[in-house]
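With the hints as extra help, turn the sequences into a complete structure.
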Amino acid sequence: MSAYPEPLVPAGSTAPVPRRIRATLGNRVVLDTTDAIYLWEFPPYPQYYVPVADVADGVLTDTGETKAFEHGVARVHTAGSGKGWVYDDGVAKDRVRFQWEALDRWFEEDEEVFVHPRNPYARCDAIRSGRHVKVEVNGKVLAASRSAVIVFETGLPPRYYFPWPEVNFDNLTPSDSRTACPYKGRTTAYWSVGGRDVAWSYDFPTAALLPVAGLVAFFDERVDITLDGVPQERPVTPFSD
Numbered sequence: 000m001s002a003y004p005e006p007l008v009p010a011g012s013t014a015p016v017p018r019r020i021r022a023t024l025g026n027r028v029v030l031d032t033t034d035a036i037y038l039w040e041f042p043p044y045p046q047y048y049v050p051v052a053d054v055a056d057g058v059l060t061d062t063g064e065t066k067a068f069e070h071g072v073a074r075v076h077t078a079g080s081g082k083g084w085v086y087d088d089g090v091a092k093d094r095v096r097f098q099w100e101a102l103d104r105w106f107e108e109d110e111e112v113f114v115h116p117r118n119p120y121a122r123c124d125a126i127r128s129g130r131h132v133k134v135e136v137n138g139k140v141l142a143a144s145r146s147a148v149i150v151f152e153t154g155l156p157p158r159y160y161f162p163w164p165e166v167n168f169d170n171l172t173p174s175d176s177r178t179a180c181p182y183k184g185r186t187t188a189y190w191s192v193g194g195r196d197v198a199w200s201y202d203f204p205t206a207a208l209l210p211v212a213g214l215v216a217f218f219d220e221r222v223d224i225t226l227d228g229v230p231q232e233r234p235v236t237p238f239s240d
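The end of the sequence shown is residue 240 by numbering that gives the first Met the number 0, with every number in the run present.
It should be emphasised that the hints constitute simulated quantities derived from the structure, not laboratory data. No residue lacks a Cβ here, since even glycine has one placed at the ideal position from N, Cα and C. Any given hint could be a false lead.
To be verified - Under the rule of at most 30 Å between Cα atoms (straight-line distance), these lysine-lysine pairs were calculated in the DSBU-like manner:
no., residue 1, residue 2
1, Lys82, Lys92
2, Lys92, Lys66
3, Lys82, Lys66
Claimed, not checked - If you anchor each label on the Cβ, the simulated ranges turn out as follows:
no., residue 1, residue 2, range
4, Ala52, Thr172, 47 to 53 Å
5, Lys92, Ala10, 17 to 23 Å
6, Thr187, Arg233, 34 to 40 Å
7, Val90, Thr33, 36 to 42 Å
8, Val90, Val140, 18 to 24 Å
9, Gly71, Ile126, 37 to 43 Å
10, Gly11, Gly57, 27 to 33 Å
11, Pro50, Glu5, 29 to 35 Å
12, Gln231, Ser12, 41 to 47 Å
13, Asp93, Pro17, 17 to 23 Å
Here it is, written out as structure tokens:
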């Protein structure tokens with residue numbers, strides 16, 4: 000059994016999106032709908048499937064090709080810098096699913112969303128903790144604190160965010176890497192050890208994750224974590240290598 004909650008929604012499930020979804024292309028809103036649905040193509044998170052009628056004219060260009068998916072056969076279109084799949088029947092009838100990167104920016108209501116839609120059944124909580132957390136690599140201490148913020152995100156191991164003064168940057172090398180998260184926003188810094196990224200920071204996270212602003216977190220999969228004096232097993236996740 001996993002040491003943290005796993006996604007529970009099976010592939011092929013659908014649910015209504017109760018939020019206004021918009022997307023831009025070339026600084027123009029080309030998708031605007033209050034009638035999207037979530038469709039889980041695989042368990043961790045869903046994709047938006049939006050009515051074709053709510054997409055601006057000229058965005059989708061039919062290639063004449065089709066592609067079969069678990070939930071139906073779609074007509075393949077070009078769209079922006081990627082593709083869109085339009086369904087004529089099945090659970091996604093008269094809807095299109097865009098590649099995320101096909102359009103420039105995505106919004107739920109007026110808040111930008113990154114990487115993929117947020118799972119409506121997942122939680123992402125940032126909680127202050129007085130537990131003693133220590134991070135090491137090859138016996139070198141990277142951080143130690145009794146005032147970390149722990150981020151609990153469904154489907155991922157807890158992440159420990161450390162105050163800047165309690166991180167040993169002498170053992171960390173700045174990295175050019177940058178990533179984004181639909182729940183936390185865009186990272187502003189990364190650090191590596193031995194050429195492998197192990198830590199990151201959000202200076203301007205989403206409103207819900209403001210407690211981690213300016214703190215430094217580590218991949219539990221790539222470092223050794225001790226929690227209240229007890230060594231923790233390295234989790235196995237898609238980030239493991």
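Any of the earlier hints contradicted here, and which numbers? The structure conflicts with hints 6, 7, 8, 12, although it agrees with all the remaining ones.
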